[in-house]
Amino acid sequence: MATAAQADSGGILHWLDRSHTVAKPGFSRWLVPPAALCVHLCIGQVYAFSVFNLPMTKFIGITESAPDDWKLTQLGWIFSIAIVFLGLAAAFTGTWLDRVGPRKAMVTAALCFGGGFLISALGVYLHELWIVYLGYGVIGGCGLGLGYISPVKTLITWFPDRPGMATGMAIMGFGGGAMIASPLSVWLMDYFSSPTDVGVTGTFITMGLIYMFFMLVGATIVRVPAEGWAPEGYVAPAESKKMVTTAHVHVDEALKTPQFYLLWGVLCLNVTAGIGVLGQASAMSQEMFPGKITAAAAAGFVGLLSLFNMIGRFFWASTSDYIGRRNTYMIFFALGMALYAAVPWTGETGSIILFVAFYCIIMTMYGGGFATIPAYLRDVFGVRYVGAIHGRLLTAWSTAGVLGPVLVNYIREYQINNGVPKADAYSVTMYIMAGLLLVGFLLNWLMTPVDKKHHMTEAELKASMEG
Amino acid sequence: MSEPTEQENVSGANTIKLALAWSFVGIPLIWGVLNTLSKAALLFQ
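Quick note, the sequences are listed as chains A and B, same order.
To convert, note that position 34 of the first sequence is 34 in this note's numbering; the numbers rise steadily by one, no gaps.
To convert, note that position 43 of the second sequence is 510 in this note's numbering; the numbers rise steadily by one, no gaps.
These are calculated hints, taken from the structure and not from any lab test.
For every residue, glycine included, the Cβ atom is placed at its ideal position computed from N, Cα and C.
Do not take every clue at face value.
[To be verified] 30 Å max Cα-Cα, derived DSS-like pairs, lysine-lysine: (1) A:24 - B:506; (2) A:453 - A:242; (3) B:506 - A:292; (4) A:241 - A:452; (5) A:242 - A:256; (6) A:24 - A:242; (7) B:506 - A:71; (8) A:452 - A:462; (9) B:506 - A:422; (10) A:453 - A:256; (11) A:256 - A:241; (12) A:256 - A:24; (13) A:58 - B:506; (14) A:241 - A:58; (15) A:256 - A:71.
[Claimed, not checked] Chain B side only, calculated, beta carbon under 7 Å to chain A, not exhaustive: (16) 492; (17) 509; (18) 510.
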């Protein structure tokens with residue numbers, strides 16, 4: 001196995017090494033969250049990829065789809081492939097990232113994500129969909145996964161006193177990225193479009209270069225704390241609290257604990273329910289309030305949900321520093337169940353304000369679930385391998401990314417085929433999602449500290465630091 | 468007038484770096500949020 005010293009590169013690449021990212025005395029730790037945000041604000045673009053779907057069905061026809069144009073169903077796979085590779089990259093590169101440090105990982109993420117756009121631009125130009133799958137889906141997806149987990153451990157190490165807030169700030173960027181990408185993409189497509197071009201090629205090239213630059217700035221700013229550094233006035237707890245350990249669990253050992261699978265289930269169910277309702281938000285709002293919510297207003301509603309998704313990431317992760325991670329998830333699941341079940345009732349009352357308010361709170365908890373999980377993992381498994389363990393746990397997200405939409409679409413189709421009116425079909429879906437949250441509640445309730453037999457010994461910890 | 472200490476220099480440099488770094492990420496984010504809010508306003512019109 002390569003040691004940390006061996007992992008150091010020579011020549012110009014030396015700048016990327018962990019040893020070159022160790023902060024000098026006087027460095028402000030508050031520079032690390034913007035470094036992380038540089039990456040997360042970019043990769044959050046994935047949530048806005050759907051703005052390209054319609055223009056990409058008109059490359060040949062320009063004003064409307066021609067028979068040889070790509071179909072929406074084919075284009076839907078770009079996002080799905082990217083999310084699957086996000087999970088895979090996060091799972092398989094976590095240990096490597098732990099060894100090489102955040103800068104090399106962030107640069108690799110920038111090259112993959114920005115490069116993915118450039119390759120996709122070539123695919124669009126040649127009208128070869130497999131190149132777009134490879135570019136944005138596979139390579140860009142790897143950039144997503146690597147970029148997502150790269151600053152997490154660094155932030156937790158810089159903010160041992162507020163790990164939830166620190167990771168919440170970064171992961172908030174992932175939620176906010178779509179709010180920047182969506183209008184930017186529309187504006188760029190408008191700028192590059194002509195009577196013979198829908199403008200996607202130029203937009204992909206521009207966005208690829210902008211994102212690569214932005215992420216590289218983040219990689220330049222990022223630093224890791226020097227060995228033994230602690231914030232002023234902070235005293236590390238000498239003994240473990242009930243749900244916050246001072247020990248460390250190796251990433252491979254973590255997979256042998258029930259806690260890893262309980263948290264996997266907790267994340268998967270929270271995300272499945274969230275993705276499920278997010279996917280139907282636009283149609284649901286228009287069909288539950290016919291004549292009152294127009295298509296344009298529904299688009300604004302979806303944007304508003306992105307905003308609350310982002311706010312929830314920071315709010316709930318920060319709150320978890322005070323009330324504990326387990327309690328935070330208890331709130332997500334208990335309050336979530338009540339709100340999911342109550343959304344159909346808001347339709348019956350005809351109150352748009354209540355409907356929007358309930359949906360917005362649900363979205364804060366969906367985002368909060370993502371943002372609180374790194375700190376939860378740190379509490380349960382310790383700091384040493386939290387990045388790698390977080391990477392493995394993100395496979396729950398990939399699973400939910402497929403499960404959520406499939407479940408919602410299947411349930412809806414089944415009901416409509418059985419004569420349930422369209423507007424009422426949402427009610428059963430929401431009740432089933434509430435049921436999923438009940439299962440999540442139980443899994444979270446079962447969470448206990450990891451058995452000491454899984455903890456690393458002092459010798460193992462020392463060896464892992466050296467190696 | 469006394470020369471600024473090393474600590475004061477570090478602190479001053481940090482303030483500038485912090486302002487630049489947070490502006491770099493904050494400005495696009497605020498732009499995105501304002502854009503979103505203006506579109507969401509249609510919901511309540």
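The hints, checked one at a time:
Distance check on the hinted pair: residue 24 (chain A) and residue 506 (chain B) sit about 45 Å apart at the alpha-carbon level, beyond 30 Å; violated. The straight-line distance between the Cα atoms of residue 453 (chain A) and residue 242 (chain A) is roughly 16 Å, inside the 30 Å bound, and the hint therefore holds. Pair hint residue 506 (chain B) plus residue 292 (chain A) holds up; C-alpha atoms about 16 Å apart against a cutoff of 30 Å. A hinted pair counts as satisfied when its Cα atoms are at most 30 Å apart, and residue 241 (chain A) with residue 452 (chain A) qualifies at roughly 13 Å.
Proposed proximity of residue 242 (chain A) and residue 256 (chain A) is supported: the alpha carbons are some 20 Å apart, at most 30 Å. With a CA separation close to 35 Å, the supplied pair residue 24 (chain A) and residue 242 (chain A) exceeds the 30 Å bound. For the proposed pair residue 506 (chain B) and residue 71 (chain A), the alpha carbon gap of about 28 Å is at most 30 Å, so the pair holds. Distance check on the hinted pair: residue 452 (chain A) and residue 462 (chain A) sit about 18 Å apart at the alpha-carbon level, within 30 Å; holds.
Annotation: proposed proximity of residue 506 (chain B) to residue 422 (chain A) holds, straight-line Cα distance about 26 Å (limit 30 Å). As the CA atoms of residue 453 (chain A) and residue 256 (chain A) are separated by approximately 11 Å, the hinted pair is consistent with the 30 Å bound. For the hint pairing residue 256 (chain A) with residue 241 (chain A), the CA-to-CA distance comes to about 22 Å; that is within 30 Å, so the pair holds. Distance check on the hinted pair: residue 256 (chain A) and residue 24 (chain A) sit about 38 Å apart at the alpha-carbon level, beyond 30 Å; violated.
For the proposed pair residue 58 (chain A) and residue 506 (chain B), the alpha carbon gap of about 26 Å is at most 30 Å, so the pair holds. Annotation: proposed proximity of residue 241 (chain A) to residue 58 (chain A) is violated, straight-line Cα distance about 59 Å (limit 30 Å). Of the supplied pair hints, the one linking residue 256 (chain A) and residue 71 (chain A) is violated, its CA atoms being roughly 44 Å apart against a limit of 30 Å. Given the 7 Å rule on beta carbons, the hint for residue 492 (chain B) holds: about 4 Å separates it from the nearest Cβ of chain A.
The beta carbon of residue 509 (chain B) comes within 4 Å of a beta carbon in chain A, closer than 7 Å, and the hint placing it at the interface holds. This hint holds: residue 510 (chain B) has a C-beta 5 Å from the nearest C-beta of chain A, less than the 7 Å allowed.
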